[in-house]
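*Asks:* With the sequences and hints as input, model every part of the structure.
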Amino acid sequence: MENIQIPFMPEKPILAHAYVPFQQWDDKLYTPEEGLMNGTIFPELNQPMSMYDWGKLYE
Amino acid sequence: MNRSNKMMLKELMALDLKMYDLQLFLDTHPFESKAVMEYNTTANKYMSMKQHYEKLYGPITINDKDDNTTPWQWIDSPWPWQYQNEKEETK
Numbered sequence: 114m115e116n117i118q119i120p121f122m123p124e125k126p127i128l129a130h131a132y133v134p135f136q137q138w139d140d141k142l143y144t145p146e147e148g149l150m151n152g153t154i155f156p157e158l159n160q161p162m163s164m165y166d167w168g169k170l171y172e
Numbered sequence: 003m004n005r006s007n008k009m010m011l012k013e014l015m016a017l018d019l020k021m022y023d024l025q026l027f028l029d030t031h032p033f034e035s036k037a038v039m040e041y042n043t044t045a046n047k048y049m050s051m052k053q054h055y056e057k058l059y060g061p062i063t064i065n066d067k068d069d070n071t072t073p074w075q076w077i078d079s080p081w082p083w084q085y086q087n088e089k090e091e092t093k
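Chains as they are written, first to last, in our numbering: chain L, 114 to 172; chain A, 3 to 93.
Just so you know, the hints here were simulated from the structure itself, not pulled from any lab data. Keep in mind that a hint or two might mislead.
In silico BS3-like links for lysine-lysine, alpha-carbon gap of 30 angstroms or less [unchecked claim]:
#, chain 1, residue 1, chain 2, residue 2
1, L, K125, A, K36
2, A, K52, A, K67
3, A, K57, A, K12
4, L, K141, A, K57
5, A, K57, A, K8
6, L, K169, A, K52
7, A, K12, A, K36
8, A, K52, A, K36
9, A, K67, A, K47
10, L, K141, A, K36
11, L, K169, L, K141
12, A, K47, A, K57
13, A, K8, A, K52
14, A, K12, L, K141
15, L, K141, A, K67
16, A, K67, A, K12
17, A, K47, A, K36
18, A, K52, A, K12
Derived coverage of chain A by chain L (criterion: at least 3 residues anywhere in the stretch with Cβ under 8 angstroms from a Cβ of chain L; other residues may be distant) [as the list claims (entries may be wrong)]:
#, segment
19, 3-16
20, 27-33
Think of the CB as a built atom: it goes at the ideal place given N, C-alpha and C, for glycine as much as any other residue.
*Replies:* Okay, here's the thing in structure tokens:
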């Protein structure tokens with residue numbers, strides 16, 4: 114298999130297509146116990162509903 | 003099921019989730035060597051803890067067990083409805 118490095122965003126985006134950024138490895142992980150409580154061991158993927166509270170996203 | 007039994011089972015569940023989450027990450031990032039290393043250390047911890055748990059409290063899953071003894075130990079651990087009863091007792 115060819116060694117493929119995953120970029121943050123597609124390098125050759127096509128017009129009129131929507132994209133989602135790719136997850137990048139980060140050494141900061143939750144402990145297993147924290148992970149169990151949050152449903153993921155990746156802090157950047159822990160996105161509780163409260164982050165959509167009014168004005169929160171623009172802080 | 004006593005307190006240390008439950009705590010150990012919870013720790014195992016936490017390690018299991020960590021393994022599964024890393025597995026999902028590696029599905030799309032197969033060349034991320036740090037993730038592979040993290041997976042291996044977690045799996046290692048999980049395996050040794052699971053062995054320890056099973057020695058003390060009996061099998062967690064029956065599918066991967068090949069050293070069963072007579073009498074069949076699987077029925078010794080609580081049935082799903084017995085967990086519920088325990089919960090009500092402590093209320």
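*Asks:* Compare the structure with the hints numbered earlier in the document and write down the numbers of the violated ones, lowest to highest.
*Replies:* Hints 4, 6 and 15 contradicted; others consistent.
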